[in-house]
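Q: The task is simple: from the sequences and hints, build the whole structure.
Here the protein sequences come in this chain order: L and R. Taking our numbering, the leading residue of the first sequence gets 145, the next gets one more, and so forth. Taking our numbering, the leading residue of the second sequence gets 145, the next gets one more, and so forth.
Since the hints were made in silico from the structure, they are not lab data. Keep in mind that a hint or two might mislead.
[As the list claims (entries may be wrong)] Computed list of lysine to any residue pairs in SDA-like fashion (alpha-carbon distance at most 20 Å, straight line):
#	chain 1	residue 1	chain 2	residue 2
1	R	LYS255	L	TRP320
2	R	LYS255	L	VAL319
3	L	LYS255	R	VAL319
4	L	LYS255	R	TRP320
[Claimed, not checked] These stretches of chain R come out as covered by chain L in the derived footprint (C-beta under 8 Å, 3 or more residues):
#	region
5	207-220
6	316-323
7	328-340
For each residue, glycine too, the CB sits at the ideal point set by N, CA and C.
Protein chains: 2
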Amino acid sequence: MGPRWKGKGFKAKALADPMSKIVLKLQSSLNQSNCEGLLCGSSVLLSVEAEQADLLNRSCFGVAMVTAEKDKQWFELSLEEGFYLSYALRCLRIVEDKCVKSEEQLWECMKSRNALFSYYYKAYCHLRMKNWVVMSGITYGADFVAYRHHPELVHSEYAVIVSSEEGGASNRLRVWSDVHCATRLCGGVAKTLLVLDISRNGHGADSPSCLEMYTIRERTITRWSPEQCREDHTMVESENGAKEEI
Amino acid sequence: MGPRWKGKGFKAKALADPMSKIVLKLQSSLNQSNCEGLLCGSSVLLSVEAEQADLLNRSCFGVAMVTAEKDKQWFELSLEEGFYLSYALRCLRIVEDKCVKSEEQLWECMKSRNALFSYYYKAYCHLRMKNWVVMSGITYGADFVAYRHHPELVHSEYAVIVSSEEGGASNRLRVWSDVHCATRLCGGVAKTLLVLDISRNGHGADSPSCLEMYTIRERTITRWSPEQCREDHTMVESENGAKEEI
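A: Shown next as structure tokens:
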């Protein structure tokens, strides 16, 4: 299943304005302004000028907040988004109680707010690095959804579930009924289920540098309909295009 | 969400021919013929005359099998169905290697074929005792589906997930993404998610008599749409009729 563009010419529009370049502009702009994010509960809050607000919107980081302030626009970032801008792109300093967090401190903070942060962040970062737009997948019963470009131009292509065979990691897709549930729902909303199976390879999560030692196995899972292949096997293969079928 | 009858007059038809009476007839007929089921893999196979085949079909036990035999009709029962007819209704003896299994032997066999059998059987038996027709829910990503009467007359009303807080029991609905996945899928196929939360209350599964000590908490879960209650709260309550909302 390929990308479903939302309108005519949107594919060309996306090609002319690649996500990688928008993110580079955001990175450079945040760096120039020495931007700071406030760690607040399970969010990172960010106050920016109009130009940066536009870049955050275009690159799909965070959600614009409604406030009474006229000059500044506030954004609420998820933990993964905040950490990505701070640790991977190095264009955001994150502050709590007026103290800028070091990398190690920030890592501990994130883990304290979500015990599975290292797995979710690895998945988020993995997709963002490949220039996918990654947003919450909760409305589709997934951890993330991945878009080929901005959600205004294209529907999300993948519902992403983060999985790990290591104890204590995500409890999804352990039983068949769950696998059937996820694949059937994905089929109904024209997405492909992408399972990111993360292995820490024996490395813990003591510091963010451990992330480099983690490996990811990517699997797409689609429903298998026996009727499809009764007559013409080759047709089915091209229709599904899945790496693994159940 | 009430029952969705498949045709006009089907509700009256169901009321005139209650499931409890069909099951009683089946029970009496199987008892008279000293019926035996063959334990084979994860199924119980049953060979019956035309009258009993009709009763099995009408009460929705097992699936009729295609064989070359002309006088006899073979049925394939699930482990839960076989054990229910044998242990709860006492109208089926189950045989393996030409030996009739005692209750205790049969219980051990069932557990060896499915480590979670005690939980699934308790759920199956609980619903069947209330005259629900219970069938596999795998196509809806659930453990069972429950029908008010025969599936020819009515759509299934509940997608049933068997759950337990005890270690080693079903691994479903442990994370929010799974809950969202299940409720969203149920909404899409006009079913209500029924979670049967089973507690062994400290009793193990050493013998089938333990089943009586287990308790079941029934919960229906529906999606909560904030828009629904903006103006008229009473309307929403009657529309949903759910015991618990998320």
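Q: Against this structure, judge whether each hint is valid.
A: Okay, the hints, checked on the actual structure:
Proposed proximity of LYS255/R and TRP320/L is supported: the alpha carbons are some 18 Å apart, at most 20 Å. Taken as a hint, the LYS255/R and VAL319/L pair is honoured in the structure, with Cα atoms around 17 Å apart against an allowance of 20 Å. With a C-alpha separation of about 17 Å, the suggested pair LYS255/L and VAL319/R falls inside the 20 Å cut-off, and the hint holds. This hinted pair checks out: LYS255/L and TRP320/R have alpha carbons roughly 18 Å apart, not beyond 20 Å.
Requiring three or more residues with a Cβ within less than 8 Å of a Cβ of chain L, the coverage given for the region 207-220 of chain R is violated, as only 0 such residues are present. Three residues within the 8 Å Cβ limit are the bar, and the region 316-323 of chain R against chain L gives 7, so the coverage statement holds. With 3 residues having a Cβ less than 8 Å from any Cβ of chain L, the region 328-340 of chain R passes the three-residue criterion, so the hint holds.
Comparing the model with each numbered hint stated earlier shows that hint 5 is the single one that does not hold.
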